[in-house]
Each structure stands twice: as C-alpha cells, then as structure tokens.
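The task is to assemble the complex, starting from two chains supplied on their own in separate frames and drawing on the hints.
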Amino acid sequence: DTGVSQDPRHKITKRGQNVTFRCDPISEHNRLYWYRQTLGQGPEFLTYFQNEAQLEKSRLLSDRFSAERPKGSFSTLEIQRTEQGDSAMYLCASTASGRGGEQYFGPGTRLTVT
Amino acid sequence: LAKTTQPISMDSYEGQEVNITCSHNNIATNDYITWYQQFPSQGPRFIIQGYKTKVTNEVASLFIPADRKSSTLSLPRVSLSDTAVYYCLVTAPHQTGANNLFFGTGTRLTVIP
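Quick note, the sequences are listed as chains A and B, same order. The opening residue of the first sequence carries number 46 in our numbering; numbering runs sequentially from there. The opening residue of the second sequence carries number 198 in our numbering; numbering runs sequentially from there.
Any given hint might turn out to be false.
Said to hold, decoys possible - Using C-beta positions, here's what the derived DEER-type ranges look like:
1) Q86(A) / N227(B): 26 to 32 Å
2) L84(A) / R274(B): 29 to 35 Å
3) G61(A) / A263(B): 37 to 43 Å
Quick caveat, the hints were computed from the structure, so don't treat them as lab data. Heads up, the beta-carbon is just placed ideally off N, CA and C, and yes, glycines get one too.
Isolated chain B (complex conformation) (with noise of 0.2 Å):
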C-alpha cells in the first residue's frame, strides 16, 4: 500500500490559486491518486482522480509528473466555502478494503477573507 505524505495544514487569501502537494514515493504502476474533501460533521467526499498528466474538473485540477511520486491538487481561486480537510490517496480501481482508501490526516485548508 502506497502511503501519502502532505502538508498538515495551509492558509489561503479569498480568491488566491491553491496548491496542495502530495507525495507518494511507492505508487504503483496500476494505482491512481485520488482526492477528497471534507467538511466538518461530514462525510469525505470524492474531488478528482487521475492517473498521469492532467486532470481538471469542475472544482479542480490534478497534476502528475511524469514519475508519478508527487501529485498537486489545485484549486482555482477559493472561497471561504473551500474551507475543510483534503485527503490525497493512492487507490487501486479494483483493489478492496483496507488497503484501498488509507486517508492519513489530509491537508487542513484555512480560507481568509
């Protein structure tokens, strides 16, 4: 199981980029990352998801090197509504239980206004 390893915390203006980093040294090759946000008294909920290069969304944007160890989750000008925990785990599509979602302690991002 490949672990994760991010900021424990990160402050941002009102409408600033955020990025969050992730390091996962021991991906493997049919793993994909995998990112989460939570809000207080709520369940995680799923973000984005990729493999390599780029991925973007409607919330966000996924960047993955070449080598596949680190990955950045970007959020494009945030709101204080972006507020909550963030999670980046190294999943497997067909792989199950405990060794699929391993969610650390995730990244907590304060927005100021």
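Next up, chain A with everything else stripped away, as it sits in the complex (with noise of 0.2 Å):
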C-alpha cells in the first residue's frame, strides 16, 4: 500500500483557466474527502464521497467547483474559471467505514492561481 498520491503536485494557472486535480485513495478506503487549506489555517472540508456516490458537500464549495469519483477509485476535483481566491493547498484524504476521525491524507496540490 502506497497510501494516498496526489497529482499534480503544483499547478500555476492563469485566472479564468480551468485546473483538474486528481486523487489516488489507499484502495480498500471506500470513503474519500477533499480539503482546502490556506496559509496559517488549518484544512477546511470541501466534500465527500461513498464509493461513488457524493454524499456531502460544504458551502465552500461553489457551482464552480465540481468532483467526481466514477467507480468509486480515484476522484477528481475540478475548478471552473479560477479566482485568485482559489489559491490554496487541496488536500485529499480516505478512511474506511466507521474511522471517521482517522483519515489518511496525501501530499496535496498547491494551486497558485495568477
């Protein structure tokens, strides 16, 4: 088990670009987050999946904002016409059934938005 991978690692874009993140889980995790994080605060929840399914998503998480785990392995997190304001490190974590507090989080990809 590798744990948790992230990809890209770093992503400069230029505003109104859109940036596709993606997440590999620890692959017997059914349960996927996404996490924002800036600088001098700790990560905020950004949503989660079941699976597949998308059982939950925080009010950080605007139209422009969209995530996808087709078969319930790896996610995507994608941002549509990027701000300034989404600058950030995104964090991906998995856990299994019943350990909610005990998550495994990857590396996470620095969004730099210019």
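And the structure:
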C-alpha cells in the first residue's frame, strides 16, 4: 500500500482557466474527502464520497467546483474559471467506514492562480 | 459539533517532553479525541486517538481525564523533526462530512536546538 497520492503536486494557472486535480486513495478505503487549506489555517472540508456517491458538499464549494469519483476509486476535483481566491493547497484524504476520525491524507496539490 | 481550543504556539528545547493541552468542553458521549500532525507542504498525519484515560503508541501518549472536557498530547523527548503544527479534533467514528473533522488553526510547535 503506497498511501494516498495526488497529482499534480503543484499547479500554476492564469485566472479564468480550468484546472483538474486527481486523487488516488488507499485502495481498501471506501470514503474519500477533499479539503482546502490556506496559509496559517487548518484544512477545511469541501466534499466527501462514499464509494462513487458524493454524499455531502460544503458551502465553500461554489458552483465552479465539481468533484467526481467514478467507479468508487480515484477522484477528480475540477475548478472552472479559476479566481485568485482559489489559490490554496487542495488535500485529499481517505478512510474506511466507521473510522471517520482516522483519515489518511495525500501530499496535496498546491494551486496558484495568477 | 464540539469545537476545540488549543494554544496557538509552543516552543521547546530538543530532548524535552512536550505537552499540548486541548479543551473540548462540549464533547459528546460518542465523540473521540483525535490528534493530527502536519509538516509544511504536506498533508496532516494521524497521530493518535482516544476516548478516555490514556492511550500510548510509538509516537505519542494521549491523556484524557474522567470528565473528558480536555486532553493532553504528550510527545516524549522531542527532536527538531517534531517541529510541526498539531491539531486537536473531536471526532465521531461513524459520522462523516463537514461535522466530523474540524481542524481549527492548531498549535505550532517549534523545537529549538
């Protein structure tokens, strides 16, 4: 088991462009989470999947954000028409059912919108 | 959702034991206390979780008094590599989503040579 992986690790984009991030969770974990973290703050919950179903979305997740987890394996997070305020670290985590407090995080994708 | 309060920052010399205390006055009966560690430019790493009394693993110990309104993370003999942000969370094992993992700003521990 290689843990949670995320790709890319860094992304620089111009305002107005679309970006997509990928997360590969630990294979036996059926729950997958996306978080956003800005400098000096802890991670903030964005959305979560149980298998392929997206069960909850934060109010932080505007209409420009969309996440998918086809077939309940890897997940993608897309941001359309990026804004400078979207600059942050985007973290993915996975866990098994019944162990909600024990999440395993990936290294994150750092997004910079210029 | 039981929020937590912990010091913003702490400094310690290498080799000392570090205790970080967290307050969670509104913890519910089914809630656990969970601690994460985060190094710069990395995702948080689960350290330890407990419900009551004392839990110890290879990384840390977690002390929880009977009223469970606070908890203390103890790091024995810290080294420079323990410099990180430590987050105290109240979590419910079978709960999911926004209510389950609220990180706050954490405690920034700096270990001094």
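If you check each hint against the structure, which ones fail?
Number 3 only.
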